[in-house]
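Student: Given next are the chains, with one letter for each unit.
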Amino acid sequence: GQSLEQPSEVTAVEGAIVQINCTYQTSGFYGLSWYQQHDGGAPTFLSYNALDGLEETGRFSSFLSRSDSYGYLLLQELQMKDSASYFCAVRRNRDDKIIFGKGTRLHILP
Amino acid sequence: SAVISQKPSRDICQRGTSLTIQCQVDSQVTMMFWYRQQPGQSLTLIATANQGSEATYESGFVIDKFPISRPNLTFSTLTVSNMSPEDSSIYLCSGGTAARTDTQYFGPGTRLTVL
Chain X
1 GQSLEQPSEV TAVEGAIVQI NCTYQTSGFY GLSWYQQHDG GAPTFLSYNA
51 LDGLEETGRF SSFLSRSDSY GYLLLQELQM KDSASYFCAV RRNRDDKIIF
101 GKGTRLHILP
Chain V
1 SAVISQKPSR DICQRGTSLT IQCQVDSQVT MMFWYRQQPG QSLTLIATAN
51 QGSEATYESG FVIDKFPISR PNLTFSTLTV SNMSPEDSSI YLCSGGTAAR
101 TDTQYFGPGT RLTVL
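Going down the list, the sequences are from chains X and V. With this note's numbering applied, the first sequence covers 1 to 110. With this note's numbering applied, the second sequence covers 1 to 115.
Take the hints with a grain of salt, since some may be wrong.
Unchecked claim - Below, a list of computed lysine-lysine pairs in the DSS-like style, where the Cα atoms sit at most 30 Å apart: (1) V:65 / X:97; (2) V:7 / V:65; (3) X:102 / V:7; (4) X:81 / V:65; (5) X:81 / X:102; (6) V:7 / X:97; (7) V:7 / X:81.
Hints were generated in silico from the structure; no laboratory data involved.
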């Protein structure tokens, strides 16, 4: 089966950089996705990595190492509006459904 | 990105009643899913809504409790039947494409409280 591990909470200071890690176990791997969810809001897609390396989109970057079954989401120049939960997700091998990690709650201090 | 709308946004229901949640997606979406999320928790897949046929349910979810319809490509409903307080949760509709199921777009969710 598939499983994902990510920290439950991370705290950082406004303007700083924070990294949210995700390790996964899966019998077949297609790629790692990241979603952001603000309190009371819907999850929104942030990024997807199918190949090793770093993908950058503005202040957000996502990294994947397939050999280590590991990825991370990097948020730079943190803003208070980045306070949210962040979920990593993988595609389930047997039927392509998405399986989400338990989520990391990011707290940003002024 | 796809546009997903969902209604109602919230409801408070009595034990033993049923609630039907509607989800409308735009034409970019070919696959539709229903999730449940307890506050502060992860998303749990309930089922895949299949156009014109029975939904595909995940382990722990059954059609009698969560009947799902998808009469056409862009519309689906989820009914929470014979509700109990344990059904209080946020129900989310999502859509994706067969080519990129890794990228899903979510509706705003329905916050259900069962008394």
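Student: Residue 81 (chain X) and residue 65 (chain V) were given as a pair; does the straight-line alpha-carbon distance stay at or below 30 Å?
Tutor: Answer violated: residue 81 (chain X) to residue 65 (chain V) is near 38 Å, above 30 Å.
Student: Hey, residue 7 (chain V) versus residue 97 (chain X), does the alpha-carbon distance stay inside 30 Å?
Tutor: holds (24 Å)
Student: Sort out whether residue 97 (chain X) lies within 30 Å of residue 65 (chain V), counting only the CA atoms.
Tutor: holds (21 Å)
Student: Compare the distance between the alpha carbons of residue 81 (chain X) and residue 102 (chain X) with 30 Å, and conclude whether the hinted pair is satisfied.
Tutor: holds (21 Å)
Student: So if I understand the rule, the pair passes when the alpha-carbon distance is 30 Å or less; does residue 7 (chain V) with residue 81 (chain X) pass?
Tutor: Satisfied, since the Cα-Cα distance of roughly 26 Å is no more than 30 Å.
Student: Next pair to validate is residue 7 (chain V) with residue 65 (chain V); report whether the Cα-Cα distance is within 30 Å.
Tutor: Given pair residue 7 (chain V), residue 65 (chain V) holds - Cα atoms ~19 Å apart, limit 30 Å.
Student: Starting from residue 102 (chain X), check that the Cα of residue 7 (chain V) is at most 30 Å away, please.
Tutor: holds (26 Å)
In terms of the numbered hints stated before, the structure departs from hint 4 and from no other.
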